[in-house]
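Number of protein chains: 6
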Amino acid sequence: MTARFDTILITGAAGRLGTELRKGLAPLARKLRLADVAAIADLKPNEEALIFDLADEAAAHAACQGVDAIVHFGGVPLERSWDSILNANIRGSYHIYEGARKAGVRRVVYASSVHAIGYHRLEDQIDASAAHRPDGLYGLSKCFVEDLGRLYWDKFGIETAALRIFSSFPEPADRRMLWSWLSFDDCVRLVAASLTAPRVGFTVAHGLSDNAVKPVDNRLSAHLGWQPQDSSEPFRVGLEAKFPPPDARAPAVQHLGGWFVDLGHPDDEASK
Amino acid sequence: MTARFDTILITGAAGRLGTELRKGLAPLARKLRLADVAAIADLKPNEEALIFDLADEAAAHAACQGVDAIVHFGGVPLERSWDSILNANIRGSYHIYEGARKAGVRRVVYASSVHAIGYHRLEDQIDASAAHRPDGLYGLSKCFVEDLGRLYWDKFGIETAALRIFSSFPEPADRRMLWSWLSFDDCVRLVAASLTAPRVGFTVAHGLSDNAVKPVDNRLSAHLGWQPQDSSEPFRVGLEAKFPPPDARAPAVQHLGGWFVDLGHPDDEASK
Amino acid sequence: MTARFDTILITGAAGRLGTELRKGLAPLARKLRLADVAAIADLKPNEEALIFDLADEAAAHAACQGVDAIVHFGGVPLERSWDSILNANIRGSYHIYEGARKAGVRRVVYASSVHAIGYHRLEDQIDASAAHRPDGLYGLSKCFVEDLGRLYWDKFGIETAALRIFSSFPEPADRRMLWSWLSFDDCVRLVAASLTAPRVGFTVAHGLSDNAVKPVDNRLSAHLGWQPQDSSEPFRVGLEAKFPPPDARAPAVQHLGGWFVDLGHPDDEASK
Amino acid sequence: MTARFDTILITGAAGRLGTELRKGLAPLARKLRLADVAAIADLKPNEEALIFDLADEAAAHAACQGVDAIVHFGGVPLERSWDSILNANIRGSYHIYEGARKAGVRRVVYASSVHAIGYHRLEDQIDASAAHRPDGLYGLSKCFVEDLGRLYWDKFGIETAALRIFSSFPEPADRRMLWSWLSFDDCVRLVAASLTAPRVGFTVAHGLSDNAVKPVDNRLSAHLGWQPQDSSEPFRVGLEAKFPPPDARAPAVQHLGGWFVDLGHPDDEASK
Amino acid sequence: MTARFDTILITGAAGRLGTELRKGLAPLARKLRLADVAAIADLKPNEEALIFDLADEAAAHAACQGVDAIVHFGGVPLERSWDSILNANIRGSYHIYEGARKAGVRRVVYASSVHAIGYHRLEDQIDASAAHRPDGLYGLSKCFVEDLGRLYWDKFGIETAALRIFSSFPEPADRRMLWSWLSFDDCVRLVAASLTAPRVGFTVAHGLSDNAVKPVDNRLSAHLGWQPQDSSEPFRVGLEAKFPPPDARAPAVQHLGGWFVDLGHPDDEASK
Amino acid sequence: MTARFDTILITGAAGRLGTELRKGLAPLARKLRLADVAAIADLKPNEEALIFDLADEAAAHAACQGVDAIVHFGGVPLERSWDSILNANIRGSYHIYEGARKAGVRRVVYASSVHAIGYHRLEDQIDASAAHRPDGLYGLSKCFVEDLGRLYWDKFGIETAALRIFSSFPEPADRRMLWSWLSFDDCVRLVAASLTAPRVGFTVAHGLSDNAVKPVDNRLSAHLGWQPQDSSEPFRVGLEAKFPPPDARAPAVQHLGGWFVDLGHPDDEASK
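Chains as they are written, first to last, in the UniProt record's numbering: chain P, 1 to 272; chain S, 1 to 272; chain A, 1 to 272; chain V, 1 to 272; chain C, 1 to 272; chain X, 1 to 272.
Only chain P is shown next, with the shape it has when bound in the complex (with noise of 0.2 Å):
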């Protein structure tokens, strides 16, 4: 990887895969402008940091500035209550996308989610062109994202890869991860590749290490360039062994979104 960029600006820098991209796009990028609600720790000479929410609007607008392109992986990263969740994933990405118009920037890589897409089934094999089935509030913001992405494509020219991440995790820590799986390193280079494609447009990619089992298609992100390179393999013995076989009628089975789809709203959760 050559530096082509100037100045990416990582949103939920302080968060788990956050942390994986100051690594992994380092050198893409003569400075990377770090941006979370959370403190930043050890930054780096190559790294700024901008510690802020993403329900701020004017903090969110004066952290596009000057930068070349964005990697949005920041605000809640689960169900939670409604206020949370259109606070900082929908006001916030919102924020974020004004802030990369107002500021000439070309190109987003969004962190969307399985979560947008969980209630299809795994053996529907859906691709890029299903359409939304988020599995809670949390989904639901991210299929905000995602048409918000499309407009700013359509209207403004702004190009976002709407990235669609599985479970990213050091490891799989259960049997759904063994196909849901997205190693970090495997997500670094898909971020990577999203940055310096020579064309994204509006495209949509589904993330997910090279595991066995394939439950949905990639076929209309290709020109991302990205081809996953890990496997939960290595991990199969361990993890059966640790976790009785699932109930394939299970609905967390049954589905793309996994337990998230057990879920009942989350305001009625918080009450109780």
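To be clear, the hints were calculated from the coordinates, so they are not data collected in a lab.
Quantities reported herein were computed from a predicted structural model and do not represent experimental measurements.
Some clues are possibly wrong.
What the hints assert, rightly or not - Straight line, CA to CA, 25 Å or less: simulated BS3-like cross-link-like pairs of lysine-lysine:
#, chain 1, residue 1, chain 2, residue 2
1, X, K242, P, K31
2, C, K44, C, K31
3, P, K102, P, K31
4, S, K23, S, K102
5, P, K242, C, K102
6, A, K44, A, K102
7, C, K44, C, K23
8, S, K44, S, K31
9, P, K31, P, K44
10, A, K242, S, K31
11, C, K155, C, K102
12, V, K31, S, K242
13, P, K23, P, K44
14, A, K31, V, K44
15, X, K23, X, K44
16, X, K31, C, K242
17, S, K23, S, K44
18, V, K23, V, K102
With chain P fixed as given, assemble chains S, A, V, C and X onto it according to the hints.
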């Protein structure tokens, strides 16, 4: 039509289409509960009025209590500032769906819009399986509510018929409306069919009268039992005399969204 | 209609639809050969009767001799025990196709059924390219005969029009029939069109009158030259008064197969 | 129809369809410029005639000067020698499109043919997205001009409606025409709709009247605003009495192209 | 592979593939119950044998008792008389599925065949959504069991992986097998993957090794987690030396079913 | 590879790819007949040369006599004047197909081009079923020959593999070639596979090496038995250092055809 419902809630009841729905849906229910942020004139004995802002969560939830079905036509009907769209259309619609869930309402008929798919072209001949391509913040909010309806069906069993209204006016008023017009009577019949169809699940339909030029395909909503009966043809001679022929290469002629695709960002406009 | 055939064999001629076909197809042939396991009443001069069980191979073959076309409506018309279905529908239909092959018959019109696709949902809007999804042993036997017809076309050049009859009764009798009804006249016209179309090859068509709610798409059989002319609408008010509104989430309302999807295994039922 | 054009050029104006177009399109333009290689009879005051061979580049270019739209129906109308097809249909049509480009003409309506897709079968139920499958050199030249029109739209912004004419004659003349017939009136209405539709881009439409048997799907050209209004049904009894029933397995019955698929190579025929 | 099952029933265990499955599946279960109509040689300690005809309903039901999963490879493996096919494949498979239902078995892996789709052509590049096109009575029985599996999933919640075996032999034995070969190891791995995949529902997969020429698409079964690992390439030179190049126009070369499409009716053959 | 052919005719044998094919295809045939309008250097013992213009019908026909297969790579390889394209590519290719027909040749491998589909975009991810969208006269002539091949297969039983060559050069020479490059070895292997596949019928394949960015889908030609083995990745660093990053919104970056879409009409250019 027989009065199969006890109470139907109509939001946006003071609006252009709301007024038509009051007349047209009266035979379907014992009582119509009318909601709007504006005053509602000429209440009939079968009507009751609730005046509130959809952004008011408590009022919206209260309006849904004791209701059999919801016809959700309220909200901002045009491109407007982000704050207006966010409050009236995104937050407001969320409040209505949450109200429906808490009150056990089983079916929602939602006024989506052509502007959810405004960047598709006429010759694309899309059907309801086409991807969202909003042409502005207004259309983006319509996409959001469609996905919200999808979620509430998949997770909570509340049906939604999302009706993408094209141009519903007393008469077609320009050359584009020769194909985009939806007569008031066809509109009311479409809502009535959506309320009474045996099975809706989550269904998207395109609201257009039986005009000569047909740029979208309604095949995937044929189970709603609706066939448009009006046509713009009687208005053709008059409109062609009044307006010059369009340039087929102009973005506003090329795309389903019409002149919405020519609009810039509403917040830019506002600041001018 | 002109009498283009010398002799048409109608199986199931004593049944509900067979009786209609005797009247309706008379103009198409010099002679109708009527077959059934039950006695056939009121033979007309242009008719001859053969009483035999379709499971009787020799009798079935004999019935096909000297015939120009076969309208195969015989067999068990409802969910029944495996032995009944096996003998009458699977073995019986095989006997008829073998009879056709040995006798050089060129075209078969077969009464398939909605129950070959009963587990598809109304909002799936399937067409004739959808996969088989039978809703019971009866539907399974219909799938078998469709595949049998496909084989006899590909290998032996015998054409089949497989007509998936929905609900063909004198009048629609319940709320489901408001969409699933096939009037007797439309049914007879569909069979006549299938007999006289210039080219059938192997074609699947869905037998539904021109009812308001249309849950399947007949596009792929438009070369048969059939358009339904009747509608269930005149019966709507009466039926809606008689039966309560359905629950859209009930399996029998959700699926094309209606209450067949609620049935258990017929052999279990029999043993109760 | 209102006279929205100043001058329309009609090529092939002395031919069978050209004569109809002269009458039918007169209300659309102040003047019709008629071109043919043969003499054109009975010029009306609103008409002017140009007699030249389409292979004559300079004459073809000159004919396009000062024209608002072109109805290109000229060329060899049947299977002929390669040299004839090459000169009249391939070179000739190229001259017309180049003429259009040089003269700034914005829309061309082209008489393509069923023979561009003649090797598809009736039961394939193709639509305008099906691949080219020409059934002879004539059909091959029609494919060429469709692709030429596509190029001139993509590169030069000249719209084309490519109308695949099936069998346009005063009356259906054989059994095949019971499904392939395009009445003169429907043909003229199709050309007029193609000239006046708000947006054509590059659109392919199938030119068939509203006959009972419908072997192709016109869904993808519904934005032209054309619905056929005539039918071959009144001619059925007469034609069925005159011609024996077809053999459904004969190539000429099986394929859309009819007897063209039985033709050998035209240059072989010529040398016999 | 870990022994996740207590007992797996393998039908057809004395056959060519059954012998391989005994070896290959042993690690997956504590015990293999082997069923065949022929004697089973060399029973191992982890095996038990049941000798019965699949047409024997009671024996088939008994064989399913106490079983965790069924690998149903029994029945007639080639084109045979109708009576043989009917008894072994149609009635026999029905007995196995009923046995599974009565015994509460949750998953069946079924040996379907290329001959269920034998009349599709290589260049059609079909996937698992293609229609059935059996090439004989054998293939017809495979279609029947696929539909039976679909029914038992939709109605009774028993999963089926229907594996369309192409040519599973120790080595490719003719030119066709250069593309149709399925190595024994790949076959065993496919069955093992089908037994252990988290979710099967009703899934159709095509059983072919990783040969150079790939005439079908296995995209729709990627959730089984199977990738073939063997290839026919090492056998190419030998086979091309031994057999002349095929005629690409021969029906047996054109179609997936190979020489099965050249067969007449098996009962005709038998009577010669 | 074994020498399965007696004589293969290679047109364009003096060109860049022709030279590679002489080396690569030598093992497949006893003799290579080389044709070109230019002199052919360094004839080997297994080669014979014919120097003629493809527009010379008699010479082209003569070249096809006694040939087992034709590798048709001759003609104008770039955008040129209409007359050049017409004579070399349209008339010339027609002469070759007619030569093949008269000489009884059974298979043609044709060098089509990305420019037959140059106006599709990278993110469209088209496959071989996509419509022609030529990006110039050169691409238009490639579309013509594809349709010619389709005709000669449907009507005369001559197979064609139409290989859409993207950028076949010794090395990728600019940023676009990082995705469009086809190595010489992959090109030769693709031609060899097309010559030896058991069944080609009429097949379109896309000629691209196994580069990281993959903007087209080759699924529909998997029966050719070709997998590219080279990749542009080793050239990435050098090319990215040499050329600036592209603008994703530039037409030449957006479309498959690259800078061809920026070209005006070749006859305009010539007259400058």
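Comparing the hints with the structure gives:
Of the supplied pair hints, the one linking K242(X) and K31(P) holds, its CA atoms being roughly 22 Å apart against a limit of 25 Å. Proximity of K44(C) to K31(C) is assessed by CA-CA distance (about 10 Å); at most 25 Å being required, the pair is judged to hold. With a C-alpha separation of about 20 Å, the suggested pairing of K102(P) with K31(P) holds against the 25 Å cut-off. Of the pairs offered as hints, the one joining K23(S) and K102(S) is violated, with about 28 Å between alpha carbons and a cut-off of 25 Å exceeded.
A C-alpha spacing of about 31 Å is found between K242(P) and K102(C), which places the hinted pair above 25 Å, so the restraint is violated. A hinted pair counts as satisfied when its Cα atoms are at most 25 Å apart, and K44(A) with K102(A) does not qualify at roughly 28 Å. Distance hint between K44(C) and K23(C) is fulfilled; the C-alpha atoms sit about 10 Å from each other, no more than 25 Å. The suggested pairing of K44(S) with K31(S) holds, with an alpha-carbon distance near 10 Å, which does not exceed 25 Å.
Distance hint between K31(P) and K44(P) is fulfilled; the C-alpha atoms sit about 10 Å from each other, no more than 25 Å. Between K242(A) and K31(S), the direct Cα distance comes to roughly 22 Å. Compliance with the 25 Å bound is thereby established for this hinted pair. Pair hint K155(C) plus K102(C) holds up; C-alpha atoms about 14 Å apart against a cutoff of 25 Å. For the proposed pair K31(V) and K242(S), the alpha carbon gap of about 22 Å is at most 25 Å, so the pair holds.
Between the alpha carbons of K23(P) and K44(P) the distance comes to roughly 10 Å, so the proposed pair stays at or under 25 Å and holds. Between the alpha carbons of K31(A) and K44(V) the distance comes to roughly 59 Å, so the proposed pair goes past 25 Å and is violated. Proposed proximity of K23(X) and K44(X) is supported: the alpha carbons are some 10 Å apart, at most 25 Å. For a cut-off of 25 Å, the pair hint linking K31(X) to K242(C) stands: about 22 Å separates their Cα positions.
Straight-line distance between C-alpha atoms of K23(S) and K44(S) comes to about 10 Å, which keeps the hinted pair within the 25 Å bound. Of the supplied pair hints, the one linking K23(V) and K102(V) is violated, its CA atoms being roughly 28 Å apart against a limit of 25 Å.
This entry does not satisfy hints 4, 5, 6, 14, 18, going by the numbered hints stated previously.
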